[in-house]
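Colleague: Take the sequences, apply the hints, and build the full model.
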Amino acid sequence: MTASVTIENVSKIFGAFTALDNVSLDIRAGEFIVLLGPSGCGKTTLLSILGGFQSPSAGRVTIAGQDMTYVAPAKRPTTTMFQDYALFPHMRLVDNVGFGLRMRGLAKAERDEKALGFLDLVGLKASAGKRPHELSGGQRQRVALARALAVDPDVLLLDEPLGALDLKLRRQMQDELKAIQKRVGTTFVHVTHDQEEAMAIADRIVVMNQGRIEDFGPPSEIYMRPRSLFSAGFMGEVNFVSGRVAAADASSARVETPLGSLALPTGNFTASAPKAGDRITLTIRPEHFRSDDKAEGPTVALGEARVVGSAFFGTHYRCHLEPCATDTRALVAHLPQSASVREGEIVPLAVRASDVVALPATGGHA
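For the sequence shown, position 203 matches number 202 in numbering that gives the first Met the number 0, and the numbering has no gaps at all.
Worth flagging that the hints you see were computed from the coordinates, not collected in a lab.
Just so you know, not all the hints are guaranteed correct.
With a cut-off of at most 27 Å between alpha-carbon atoms, the simulated DSSO-like pairs for lysine-lysine come out as follows [to be verified]:
{"id": "1", "residue 1": "K177", "residue 2": "K113"}
{"id": "2", "residue 1": "K129", "residue 2": "K74"}
{"id": "3", "residue 1": "K113", "residue 2": "K167"}
{"id": "4", "residue 1": "K124", "residue 2": "K113"}
{"id": "5", "residue 1": "K74", "residue 2": "K167"}
{"id": "6", "residue 1": "K74", "residue 2": "K107"}
{"id": "7", "residue 1": "K177", "residue 2": "K129"}
{"id": "8", "residue 1": "K107", "residue 2": "K129"}
{"id": "9", "residue 1": "K107", "residue 2": "K177"}
{"id": "10", "residue 1": "K113", "residue 2": "K129"}
{"id": "11", "residue 1": "K181", "residue 2": "K124"}
{"id": "12", "residue 1": "K113", "residue 2": "K74"}
{"id": "13", "residue 1": "K124", "residue 2": "K107"}
{"id": "14", "residue 1": "K167", "residue 2": "K181"}
{"id": "15", "residue 1": "K167", "residue 2": "K107"}
{"id": "16", "residue 1": "K167", "residue 2": "K177"}
Modeller: As structure tokens, then:
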């Protein structure tokens, strides 16, 4: 089963601390949603409210159109999967997976059949008679997932379930988690602070900061077209360049920056339409810089820069560049293998106009 989730103007206050500040969010049935942000941003509090473990100070939560704001966890169509798995060490895997079904009064034969089916789903049917201590961390994570799905929740809530795994296993489990979610069709709401994890598994990402939603959309949109400086900085390495809108019309804007004058399409202003005199900050991802003339589409020249440091990363050189014409902060660029850059070398810089995002200068960044 699966269900939509609607969060309307939800706030949560603990004494003098506001954990959630008027959060609203619509989640479609069958989506894989990731709540992403740094520690203390409110993502775990929001998940706890969805699961019924905490009540909001204000606002409303509906699941499948039913008001669940103050409904107890056991009476909600949700199941929560925690980072520590919470498996019963003395029980066989089949009994662990079937525990929730046992609590619902299913006969042993029926619950064993269903538990074996979900163990098969996660690739552990042959280990049904084992106990948790006989498994690896990744296998225990699969058992916890099978147990959570066995009770047929409309919405599965996942609280950093991959956080305790090493990098290689975590990436493997990301792929498996995404594949299983597609097979069962259940709505997943997953909390993490790991940007790469969010990009790997989410249909849409909710970027949170200081109790508020900073950005919401598909991973490619969040990365390529962020709607806030915080979102741009949190989602990966980025260069911030200050600027001022010198002129603007319906289709383009001319922006003055320490790197020169740039003509940008108005579609690059993702937070608000440009107006002459606006103070803005341009965001440019390191991989979008070009030091040659091979860029596709209209480009904007950014002058020349001196290479003050570089490191080879296999697919590219990660370079620190000091613009020659200004004392603005150093830039980070990922230049192709063919660039063969050397420290002290002067290189021309350009970027496709479509790869530059313009945001209001007010508001902090990650």
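Colleague: Are the hints correct? Go through all of them and say.
Modeller: Hints, verified against the model:
For a cut-off of 27 Å, the pair hint linking K177 to K113 stands: about 21 Å separates their Cα positions. For the hint pairing K129 with K74, the CA-to-CA distance comes to about 31 Å; that exceeds 27 Å, so the pair is violated. Taking the CA atoms of K113 and K167, the gap is near 31 Å; set against the 27 Å cutoff, the hint is violated. A distance of roughly 11 Å separates the Cα atoms of K124 and K113; the hinted pair therefore holds under the 27 Å criterion.
Restraint check for K74 and K167: the C-alpha separation of about 37 Å exceeds 27 Å, so the hint is violated. The straight-line distance between the Cα atoms of K74 and K107 is roughly 23 Å, inside the 27 Å bound, and the hint therefore holds. Pair hint K177 plus K129 holds up; C-alpha atoms about 26 Å apart against a cutoff of 27 Å. Restraint check for K107 and K129: satisfied, since their Cα atoms lie roughly 18 Å apart, inside the 27 Å limit.
With a C-alpha separation of about 30 Å, the suggested pairing of K107 with K177 is violated against the 27 Å cut-off. For the given pair, K113 sits about 17 Å from K129 by alpha-carbon distance, which is consistent with the 27 Å threshold. Pair hint K181 plus K124 holds up; C-alpha atoms about 20 Å apart against a cutoff of 27 Å. Only pairs whose Cα atoms come within 27 Å are accepted, and K113 paired with K74 is accepted, the gap being roughly 21 Å.
Note on K124 and K107: the hinted pairing holds, with a Cα-Cα distance of about 17 Å set against a maximum of 27 Å. Pair hint K167 plus K181 holds up; C-alpha atoms about 22 Å apart against a cutoff of 27 Å. Of the supplied pair hints, the one linking K167 and K107 is violated, its CA atoms being roughly 37 Å apart against a limit of 27 Å. Our distance criterion of 27 Å between C-alpha atoms is met by K167 and K177, whose separation comes to about 16 Å.
In this structure, the earlier hints numbered 2, 3, 5, 9 and 15 are contradicted, and the remaining ones agree with it.
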